[in-house]
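2 protein chains.
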Amino acid sequence: MKYADRVNSIKVSEIRELLKLTEDPEIISFGGGMPSPSSFPVKFIEKSVKKVLKKHASQALQYGPTEGITPLRQTLIKRMKRTRKIECNLDQLIITTGSQQVLDLTSKILVNPEDYIVVESPTYVGALSAFNAYQPNYIPIQMDENGMKTELLEQKIKENIGKPIKFIYAIPTFQNPTGVSLSLERKKHLLEISETYDIPILEDEAYSELNYSGKNLPPLKSMDKNGLVIYTHTLSKVLSPGFRLGWAVGNEEVIRKLAIAKQGADLCTNMFVQFIAENYIESGLIEKQIVKIKKMYKKKRDIMLKALEKHFPEGSTWTKPGGGMFIWVTLPEKIDTKEMFMDAIKAKVAYVHGASFCPDGSGRNTMRLNFSNTDDNRIEEGIKRLAKIIKQRM
Amino acid sequence: MKYADRVNSIKVSEIRELLKLTEDPEIISFGGGMPSPSSFPVKFIEKSVKKVLKKHASQALQYGPTEGITPLRQTLIKRMKRTRKIECNLDQLIITTGSQQVLDLTSKILVNPEDYIVVESPTYVGALSAFNAYQPNYIPIQMDENGMKTELLEQKIKENIGKPIKFIYAIPTFQNPTGVSLSLERKKHLLEISETYDIPILEDEAYSELNYSGKNLPPLKSMDKNGLVIYTHTLSKVLSPGFRLGWAVGNEEVIRKLAIAKQGADLCTNMFVQFIAENYIESGLIEKQIVKIKKMYKKKRDIMLKALEKHFPEGSTWTKPGGGMFIWVTLPEKIDTKEMFMDAIKAKVAYVHGASFCPDGSGRNTMRLNFSNTDDNRIEEGIKRLAKIIKQRM
Numbered sequence: 001m002k003y004a005d006r007v008n009s010i011k012v013s014e015i016r017e018l019l020k021l022t023e024d025p026e027i028i029s030f031g032g033g034m035p036s037p038s039s040f041p042v043k044f045i046e047k048s049v050k051k052v053l054k055k056h057a058s059q060a061l062q063y064g065p066t067e068g069i070t071p072l073r074q075t076l077i078k079r080m081k082r083t084r085k086i087e088c089n090l091d092q093l094i095i096t097t098g099s100q101q102v103l104d105l106t107s108k109i110l111v112n113p114e115d116y117i118v119v120e121s122p123t124y125v126g127a128l129s130a131f132n133a134y135q136p137n138y139i140p141i142q143m144d145e146n147g148m149k150t151e152l153l154e155q156k157i158k159e160n161i162g163k164p165i166k167f168i169y170a171i172p173t174f175q176n177p178t179g180v181s182l183s184l185e186r187k188k189h190l191l192e193i194s195e196t197y198d199i200p201i202l203e204d205e206a207y208s209e210l211n212y213s214g215k216n217l218p219p220l221k222s223m224d225k226n227g228l229v230i231y232t233h234t235l236s237k238v239l240s241p242g243f244r245l246g247w248a249v250g251n252e253e254v255i256r257k258l259a260i261a262k263q264g265a266d267l268c269t270n271m272f273v274q275f276i277a278e279n280y281i282e283s284g285l286i287e288k289q290i291v292k293i294k295k296m297y298k299k300k301r302d303i304m305l306k307a308l309e310k311h312f313p314e315g316s317t318w319t320k321p322g323g324g325m326f327i328w329v330t331l332p333e334k335i336d337t338k339e340m341f342m343d344a345i346k347a348k349v350a351y352v353h354g355a356s357f358c359p360d361g362s363g364r365n366t367m368r369l370n371f372s373n374t375d376d377n378r379i380e381e382g383i384k385r386l387a388k389i390i391k392q393r394m
Numbered sequence: 001m002k003y004a005d006r007v008n009s010i011k012v013s014e015i016r017e018l019l020k021l022t023e024d025p026e027i028i029s030f031g032g033g034m035p036s037p038s039s040f041p042v043k044f045i046e047k048s049v050k051k052v053l054k055k056h057a058s059q060a061l062q063y064g065p066t067e068g069i070t071p072l073r074q075t076l077i078k079r080m081k082r083t084r085k086i087e088c089n090l091d092q093l094i095i096t097t098g099s100q101q102v103l104d105l106t107s108k109i110l111v112n113p114e115d116y117i118v119v120e121s122p123t124y125v126g127a128l129s130a131f132n133a134y135q136p137n138y139i140p141i142q143m144d145e146n147g148m149k150t151e152l153l154e155q156k157i158k159e160n161i162g163k164p165i166k167f168i169y170a171i172p173t174f175q176n177p178t179g180v181s182l183s184l185e186r187k188k189h190l191l192e193i194s195e196t197y198d199i200p201i202l203e204d205e206a207y208s209e210l211n212y213s214g215k216n217l218p219p220l221k222s223m224d225k226n227g228l229v230i231y232t233h234t235l236s237k238v239l240s241p242g243f244r245l246g247w248a249v250g251n252e253e254v255i256r257k258l259a260i261a262k263q264g265a266d267l268c269t270n271m272f273v274q275f276i277a278e279n280y281i282e283s284g285l286i287e288k289q290i291v292k293i294k295k296m297y298k299k300k301r302d303i304m305l306k307a308l309e310k311h312f313p314e315g316s317t318w319t320k321p322g323g324g325m326f327i328w329v330t331l332p333e334k335i336d337t338k339e340m341f342m343d344a345i346k347a348k349v350a351y352v353h354g355a356s357f358c359p360d361g362s363g364r365n366t367m368r369l370n371f372s373n374t375d376d377n378r379i380e381e382g383i384k385r386l387a388k389i390i391k392q393r394m
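Going down the list, the sequences are from chains V and W. With the first letter of the first sequence counted as 1, position 162 gets the number 162 in the working numbering; the numbers rise by one all the way through. With the first letter of the second sequence counted as 1, position 174 gets the number 174 in the working numbering; the numbers rise by one all the way through.
Next up, chain V with everything else stripped away, as it sits in the complex (with noise of 0.2 Å):
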């Protein structure tokens, strides 16, 4: 067969082959960003299947509108007004499946080959497999303790300018992989340099939901004049993964291609769990859910920064995330952590290396260790084994 020019620009996730190695139980894995089996409303989700199934099975079996059933956007919209200060109408949200799904979509209806991409680096590589099937070029933007370097992220527009720059994409609450927040004031900077460049913003605020330190970190769509900000979130995180349902907000324009591009792609989403998650959210069983949940992971994030504290050797540093599932290591320079990981997975560990993050090629010293998904009583154990394979590499 011959295959589209595309084809050559996605990959097999490295991480998801790599993944694959720590299937041993015996294996302490830090590596997946999965949330952890606890947090899922098993009998929440019982309940409510039968009353869905009793007031709405005809609606919940069948083929549904693209932009997704109107009680959930209603409820989500009542929802992100009170907890994330987002206003937004019914023309202005669309239900999609997964938060990935919208990155998959934005790409698609932003992005002509060659085109620019703004990302932090590193970010997501989820959003990286979404992105590169529509074969951009990436500007990535080095980030600190404060996230994104707007000052950098400047810099590097003048000296594309004229350049087609289609979208900034930014995870600003306890980001994927690196756990650190945007502050407020490059914030606004992001914001300003936004509209002064005429180049929206693709917010992901997949993690925000799960905040230990109680801080009041407001979205960037928040603070959004002039629907520059196409914002996206998911109930992968509070409800289940396993049921695929994210959404995005946006301005009208926007949300209309979306829809048009969703429809080509899948028709509608899973209609069946959009019914539960409406009752999740409307009967307020969300807000219970969470706070146990930022509980559970607080609990894991403090196991792991005390682990990574004690036995970690000097020369590591690492973020200390309010919130999410992860935290990000830098390792003394000579450590590659790609080369380590057959190691790791030799003393019954398992991570992923930073490099895999950065598109531009940084991050070899660097590793996503993921708190949401071990007991525990494993954790500790879990970093010694880490940090032993590392100091032998010192």
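The hints are simulated quantities; they were obtained by calculation from the structure and are not laboratory data. Owing to the predicted nature of the structure, the values given are computational and were not obtained by experimental measurement. Think of the CB as a built atom: it goes at the ideal place given N, C-alpha and C, for glycine as much as any other residue. Don't take every hint at face value.
[Said to hold, decoys possible] The calculated SDA-like cross-link candidates involving lysine to any residue, where the alpha carbons are at most 20 Å apart (straight line), are: (1) Lys-20/V with Gln-59/W; (2) Lys-47/V with Glu-46/W; (3) Lys-2/W with Gln-135/V; (4) Lys-54/V with Lys-51/W; (5) Lys-55/V with Lys-43/W; (6) Lys-20/W with Asp-91/V; (7) Lys-43/V with Ala-57/W; (8) Lys-20/W with Ser-58/V; (9) Lys-47/V with Lys-2/W; (10) Lys-2/V with Ile-139/W; (11) Lys-163/W with Asp-5/V.
[Stated by the list, open to error] Just so you have them, the derived chain W footprint on chain V, three or more residues with Cβ under 8 Å: (12) 230–243; (13) 253–264; (14) 309–323.
With chain V held as given, fit chain W onto it using these hints.
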């Protein structure tokens, strides 16, 4: 915002906009392509959910493999072998978010802008929506009561030799929109053409289970010796379209590429409903349900055919489908079914005008009638209303 060029080739589905006009419950709509809600195994689903949550909650609510869960793939393989004589292994099958996603991803991995896709004319309009995003040219091939005219196909391929014809999209069994099936002789010819000119076939068998004639209609895939057929099927017509569950069968290479493309598009298919579907097929309930559905739809088809015979004016002809959900009507030349549509809405009846299925601009005097989703006792009344407005235009 500056959109990508491909946005110009994707338009709001005209059908979708027209069907919005049919929401008035007084309208008898033969417009949509929806299964009857009476075909949904509601009680089974409720029971199955209980079982799934009891045994597999931590998997069914979690992220899963991009290719789909192994038990569902296994049971589909077993069943396809038995019911469709299709032989494949686990590496040759991928679960997707409806078969619509197969149409999207197949064109994504195969088609560069300006490449060629062969389609039946008329063809499934949702396939055109999916393909259009990749900016193809179409080579439409007329049909008759034996399906796509393969002699014509070969002639057109010869005329376009040297051009990048990337695949032939075919719905050989109870086609949407015509209800027609490709004859065995033409199937052999089509496969021969595919092999001679090295052009893959995308075979869409969405309607094959809805066989009211009892005739054996082997899929192209069962006769595919060189792995040139990419086969897609769905559970939308025999379980629930709201579940968004489909699959593709192809050679290892193409399935791997589809999996990589799917990863960027939505990571994995809804896990929860994959477990329910596995249960549905493995338990054998699917077979009983198909018997019920066929009985119900066959009756509706017969009522509609009889009503057409009785009420439609001379000079109109229609297909007599052995299965599926649609009848294709050709009216006298002078009648433009798109123009007539508003008359129909006023007369409280709806259909889809045929031109929207024809990428070559033909079909002006044709229409598609769906019989699966109208109550038995309203079908004749709907056909009567339609006949009346047609006669007014003659």
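Hints and how they fare:
no.	hint	in the structure
1	Lys-20/V with Gln-59/W	16 Å, holds
2	Lys-47/V with Glu-46/W	10 Å, holds
3	Lys-2/W with Gln-135/V	17 Å, holds
4	Lys-54/V with Lys-51/W	18 Å, holds
5	Lys-55/V with Lys-43/W	13 Å, holds
6	Lys-20/W with Asp-91/V	16 Å, holds
7	Lys-43/V with Ala-57/W	10 Å, holds
8	Lys-20/W with Ser-58/V	18 Å, holds
9	Lys-47/V with Lys-2/W	46 Å, violated
10	Lys-2/V with Ile-139/W	18 Å, holds
11	Lys-163/W with Asp-5/V	16 Å, holds
12	230–243	holds (count 5)
13	253–264	holds (count 8)
14	309–323	violated (count 0)
In this structure, the hints that do not hold are numbers 9, 14, in rising order.
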